[in-house]
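Q: Residue strings, one per chain:
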Amino acid sequence: MGDVTELIEVVSGATLPAFLTALLVFGFAPGFVLRLIVKLYPKDDPRRRELVAELYALPRLMRPIWVAEQIETAMFEGASARTSRRRVKPKYSIGQSSGFERFLRKRSKWYRRRYERLEIQQFMRAVGGIEGLQRLRYATAMSIIRNIR
Amino acid sequence: MRRTHALIQVAMALLGDPSAKHWGYELSKTAGIRSGVMYPVLTRMLNEGWLADGWEDAAATGGKRPPRRYYELTAAGHLALGCLLQEARNDARFRGLNFGWAM
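From first to last, the protein sequence lines are chains R and L. FYI, the numbering for the first sequence is 1 to 149, going by the working numbering. FYI, the numbering for the second sequence is 1001 to 1103, going by the working numbering.
A few of these clues could be false.
As the list claims (entries may be wrong) - With a straight-line cut-off of 25 Å between C-alpha atoms, the simulated SDA-like cross-links for lysine to any residue are: (1) R:39 - L:1037; (2) L:1029 - R:127; (3) R:43 - L:1092; (4) L:1029 - L:1087; (5) L:1029 - R:28; (6) R:39 - L:1082; (7) R:43 - L:1087; (8) L:1021 - R:28; (9) L:1064 - R:27; (10) L:1064 - R:127; (11) L:1029 - R:69.
Hints in this document: simulated from the structure, not taken from any laboratory. Because the structure is a prediction, the values reported are computed rather than measured.
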């Protein structure tokens, strides 16, 4: 019994200040903390604005929990978006490419697959999804593709 | 797209009201999943063309808070998610889920 009491004292002694700090930070300045957290996303990512906007639509009591949840979101989604953007530089979109890039495109299956997938995504966004694609004339579609390349 | 519990739950929440605008927090509550899991699923759906997104009208918020982002099902998304739920219904992995009104 004495051991259990001692254990509870140790745990509560260590976690109480941490708990109070968390309460203070997440409870009194959730907007500030969230704005720091969303910095993990790339600069032009709409999720930055979205998460902050969602915060103010929540009931006050839910806000600290929402902010704490966004640490996970930003770490997995934001950080991975940053690294994946670094891996594939968007040179393909302006029609200029380095010699190294041309070499990769010809030689590497991985690069070609990734390159083509990004092109398709970009094309679909440009025409406004499947609905837009159905309305498009062949010649217009081809000119969009040429512009992307 | 890989079929996961999160994807199926978000699909059910979206198909619960296919013509409505869906907001992040409400969607995560309806789907019953954490936002950390839901947002990557939404991104994948946007990339597939199953969802369209937009921003709330700033005038509607009265300048009291920033405009929120909403998600709407596209025609392709409606079709794709319907098929996805139909397949999930027969999949043993998703037996625990209650498809009820979503089908």
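Q: Work down the list of hints and note, for each, if the structure agrees.
A: Each hint tested on the structure:
1. R:39 - L:1037: Satisfied, since the Cα-Cα distance of roughly 19 Å is no more than 25 Å.
2. L:1029 - R:127: violated (32 Å)
3. R:43 - L:1092: Distance of about 42 Å is beyond 25 Å: violated.
4. L:1029 - L:1087: holds (24 Å)
5. L:1029 - R:28: Distance ~24 Å between residue 1029 of chain L and residue 28 of chain R Cα, so the pair holds.
6. R:39 - L:1082: Violated: residue 39 of chain R and residue 1082 of chain L sit about 36 Å apart, past 25 Å.
7. R:43 - L:1087: violated (38 Å)
8. L:1021 - R:28: Violated - the C-alpha atoms of residue 28 of chain R and residue 1021 of chain L are around 31 Å apart, more than 25 Å.
9. L:1064 - R:27: With a Cα-Cα distance of about 20 Å, the restraint between residue 1064 of chain L and residue 27 of chain R holds, given a limit of 25 Å.
10. L:1064 - R:127: violated (35 Å)
11. L:1029 - R:69: holds (13 Å)
Of the numbered hints stated above, those contradicted by the structure are hints 2, 3, 6, 7, 8, 10, listed in ascending order.
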